[in-house]
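Starting from the known structure of chain A, arrange chain B on it as the hints suggest.
One line per chain: the protein sequences are A and B, in this order. Residues in the first sequence are numbered consecutively from 1, following the working numbering. Residues in the second sequence are numbered consecutively from 1, following the working numbering.
A couple of the hints might just be wrong.
Claimed, not checked - DMTMM-like cross-link-like pairs, simulated, lysine to aspartate or glutamate; straight-line CA separation at most 25 Å:
| # | chain 1 | residue 1 | chain 2 | residue 2 |
| --- | --- | --- | --- | --- |
| 1 | A | Lys313 | B | Asp230 |
| 2 | B | Lys244 | A | Glu219 |
| 3 | A | Lys315 | B | Glu242 |
| 4 | A | Lys210 | B | Glu181 |
| 5 | A | Lys160 | A | Asp62 |
| 6 | A | Lys127 | B | Asp21 |
| 7 | A | Lys183 | A | Glu161 |
| 8 | A | Lys189 | B | Glu181 |
| 9 | A | Lys313 | A | Glu200 |
| 10 | A | Lys278 | B | Asp230 |
| 11 | B | Lys161 | A | Asp192 |
| 12 | B | Lys223 | B | Glu242 |
| 13 | B | Lys198 | B | Asp183 |
| 14 | A | Lys127 | B | Glu218 |
| 15 | B | Lys161 | A | Glu220 |
| 16 | A | Lys278 | A | Asp223 |
| 17 | B | Lys219 | A | Glu121 |
| 18 | A | Lys293 | B | Asp233 |
| 19 | B | Lys227 | A | Glu309 |
| 20 | A | Lys16 | A | Asp62 |
| 21 | A | Lys127 | A | Asp179 |
| 22 | B | Lys90 | A | Asp198 |
| 23 | A | Lys82 | A | Asp179 |
| 24 | B | Lys161 | A | Asp198 |
What the hints contain is simulated information worked out from the structure, not anything from laboratory work.
What follows is the residue order along each chain.
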Amino acid sequence: MSVLVYTESENGTFKKTAFEVASYAKGIADMMGTTVTAISINGGDAGALGTYGVDKVLNVNDSNLDAFNAAAYAKAIAQAAKAEASEVIVVSQTADAKYVAPLLATQLEAGYASNVVALPESAAPFKVKRTAFTNKAFNQTEISTATKIVGLGKNAYGLKENSGAAAAEDFTPSFDDADFGVKVQSVDKASDKVSIADAEIVVSAGRGLKGPENWGMIEEMADILGAATACSKPVSDLGWRPHGEHVGQTGKPVASNLYIAIGISGAIQHLAGINSSKVKVVINSDPEAPFFKAADYGIVGDAFEVVPELNEKLKAFKAANS
Amino acid sequence: MKILVCISHVPDTTSKINFTDNDTQFDTNGVQFVINPNDEFGLTRAMWFKEKQGASVDVVNVGGPETEPTLRKALAIGADTAIRVNTQAKDGLQVAKELAAIVQNGGYDLVIAGRESIDYNGGMVPGMLAGLTGANFVNTCINLEIDGTNATATREIDGGKETVATTLPLIIGGQKGLVEESDLRIPNMRGIMMARKKPLTVVEPTGVSADTITVSFEKPAPKGAVKLVDNVDALIDLLHNEAKAI
Numbered sequence: 001m002s003v004l005v006y007t008e009s010e011n012g013t014f015k016k017t018a019f020e021v022a023s024y025a026k027g028i029a030d031m032m033g034t035t036v037t038a039i040s041i042n043g044g045d046a047g048a049l050g051t052y053g054v055d056k057v058l059n060v061n062d063s064n065l066d067a068f069n070a071a072a073y074a075k076a077i078a079q080a081a082k083a084e085a086s087e088v089i090v091v092s093q094t095a096d097a098k099y100v101a102p103l104l105a106t107q108l109e110a111g112y113a114s115n116v117v118a119l120p121e122s123a124a125p126f127k128v129k130r131t132a133f134t135n136k137a138f139n140q141t142e143i144s145t146a147t148k149i150v151g152l153g154k155n156a157y158g159l160k161e162n163s164g165a166a167a168a169e170d171f172t173p174s175f176d177d178a179d180f181g182v183k184v185q186s187v188d189k190a191s192d193k194v195s196i197a198d199a200e201i202v203v204s205a206g207r208g209l210k211g212p213e214n215w216g217m218i219e220e221m222a223d224i225l226g227a228a229t230a231c232s233k234p235v236s237d238l239g240w241r242p243h244g245e246h247v248g249q250t251g252k253p254v255a256s257n258l259y260i261a262i263g264i265s266g267a268i269q270h271l272a273g274i275n276s277s278k279v280k281v282v283i284n285s286d287p288e289a290p291f292f293k294a295a296d297y298g299i300v301g302d303a304f305e306v307v308p309e310l311n312e313k314l315k316a317f318k319a320a321n322s
Numbered sequence: 001m002k003i004l005v006c007i008s009h010v011p012d013t014t015s016k017i018n019f020t021d022n023d024t025q026f027d028t029n030g031v032q033f034v035i036n037p038n039d040e041f042g043l044t045r046a047m048w049f050k051e052k053q054g055a056s057v058d059v060v061n062v063g064g065p066e067t068e069p070t071l072r073k074a075l076a077i078g079a080d081t082a083i084r085v086n087t088q089a090k091d092g093l094q095v096a097k098e099l100a101a102i103v104q105n106g107g108y109d110l111v112i113a114g115r116e117s118i119d120y121n122g123g124m125v126p127g128m129l130a131g132l133t134g135a136n137f138v139n140t141c142i143n144l145e146i147d148g149t150n151a152t153a154t155r156e157i158d159g160g161k162e163t164v165a166t167t168l169p170l171i172i173g174g175q176k177g178l179v180e181e182s183d184l185r186i187p188n189m190r191g192i193m194m195a196r197k198k199p200l201t202v203v204e205p206t207g208v209s210a211d212t213i214t215v216s217f218e219k220p221a222p223k224g225a226v227k228l229v230d231n232v233d234a235l236i237d238l239l240h241n242e243a244k245a246i
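Bound conformation, chain A alone (with noise of 0.2 Å):
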């Protein structure tokens, strides 16, 4: 019966997404008069998930699940949304659970939307809103089946306080061998910089700063406002940057409060990647440049000129508003 959120965490404390998806599935629980129940895996304080209008904290611990494990993480799910009865699960779209969410469907035989950007339009119907090609469109999808998978987009609903009884449970999900079929032997990921996918300030360059060797401000700028660093296709393809900052159609999307493109002239593929980002500043010498029909606010000047000033600015105040 209750709405199924699977709350993810990192080092025992949850993630922002967590969050989100939280508030969305009580968003959905109050349209079909139904209470939230969140499945946490070696997770956080549950809580911290009442605040968001979580009423049942299913925590799983199991050293088995120490390391991120796409298979059994769906099986553990999938036995939660059997024991609660649920006919929607929501699940944020962190890389984590885009790899757990189809594995899932086919445990549950539930219908899954992935990208959804909004609260279901009905409940029975049950339909919503999800972005379609690569954000140049939307589409209303309504799902049929008895089960229902929803994947909400990351900033797309926000977060919204709530109060929950959060009464935790311990939750004993059943394995079997070929549930660690892949095994993680290593992960590689700096824990001093901020990633695309978690960064509320994406700072992004392109061609316009003519070699890597110019990325020091760039980089400065991130610093300052606690930023993700990006780039465009061409810089990535160039071997400037990493393919990891790569952003657009064919690299990751950009979801984040504020992107600052410079440099970059904003071609239909880059557009397309950081469009459900919500404020968009470009900085860029050429006025023509098309990134400027599609930006919020502009400054048409040379790069070289314009972010040392900027870096300088950003300092002073963050320093006079923190």
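Below, chain B without anything else, positioned relative to chain A:
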């Protein structure tokens, strides 16, 4: 090693996106269709397995006759045979079920699909295919090495990457990184001539129905004009007081 590469037939990345029939159908008028970029990286990686490790490479698409030029292009790039499942692709699970029948009948060791298509961006077919066939699955795969029945794969995670060990049969959700952009192959005249003679088998669908229905499309609301400023103080002020973004 028998490899199957799943090919999605999608609008070119530069396409203008429009809809017809009261916003219920994608307007294909004037649209150039291509191999889904995420699939093309996987196809090229499969070519390397063929050339260096003696693998056979089949390609498959679920779609109508209009998708055959895209399959022929994959043959021209070097795939050995092509299969078209003769039904319109309606949703991820329907496509995954049709593909599962092909995978199980074909006895494939490795199936490479793109992490998502660039049209519907469902991002679910490879994972569902793994769920249906019971094969191991690695999503957002950016590196893959196979030695006998053992595989080592690198997967992109939020903010980094993760290396995993697994075994065949294996299904991959691939993307850029499996090979680089500069490794992609443009079919040459010989490849195109040979592709005409390679088998393209049309298979009738198992006829599963779709669980999700696209009811309608809409385009994002038109954006207001950009606010241009001529100094950084004004920009910081707007970002702080108007946009509340910093």
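Taking the hints in turn, this is what the structure says about them:
1. A/Lys313 with B/Asp230: holds (14 Å)
2. B/Lys244 with A/Glu219: Measuring from Cα to Cα gives roughly 22 Å; hence the hint holds.
3. A/Lys315 with B/Glu242: holds (19 Å)
4. A/Lys210 with B/Glu181: Holds, at roughly 20 Å.
5. A/Lys160 with A/Asp62: Roughly 30 Å separates the two Cα atoms, so the pair is violated.
6. A/Lys127 with B/Asp21: holds (20 Å)
7. A/Lys183 with A/Glu161: Measuring from Cα to Cα gives roughly 37 Å; hence the hint is violated.
8. A/Lys189 with B/Glu181: Holds, at roughly 24 Å.
9. A/Lys313 with A/Glu200: With a Cα-Cα distance of about 20 Å, the restraint between A/Lys313 and A/Glu200 holds, given a limit of 25 Å.
10. A/Lys278 with B/Asp230: Distance of about 22 Å is within 25 Å: holds.
11. B/Lys161 with A/Asp192: Status holds; Cα separation ~15 Å.
12. B/Lys223 with B/Glu242: Cα-Cα ~16 Å, so holds.
13. B/Lys198 with B/Asp183: holds (23 Å)
14. A/Lys127 with B/Glu218: With Cα atoms ~14 Å apart, A/Lys127 and B/Glu218 stay inside 25 Å; holds.
15. B/Lys161 with A/Glu220: With Cα atoms ~24 Å apart, B/Lys161 and A/Glu220 stay inside 25 Å; holds.
16. A/Lys278 with A/Asp223: holds (20 Å)
17. B/Lys219 with A/Glu121: holds (17 Å)
18. A/Lys293 with B/Asp233: Holds, because 22 Å separates the two Cα atoms, which is no more than 25 Å.
19. B/Lys227 with A/Glu309: Answer holds: B/Lys227 to A/Glu309 is near 19 Å, not above 25 Å.
20. A/Lys16 with A/Asp62: holds (23 Å)
21. A/Lys127 with A/Asp179: violated (32 Å)
22. B/Lys90 with A/Asp198: Roughly 32 Å separates the two Cα atoms, so the pair is violated.
23. A/Lys82 with A/Asp179: holds (18 Å)
24. B/Lys161 with A/Asp198: Since the Cα atoms of B/Lys161 and A/Asp198 sit roughly 15 Å apart, the hinted pair holds (cutoff 25 Å).
In this structure, the earlier hints numbered 5, 7, 21, 22 are contradicted, and the remaining ones agree with it.
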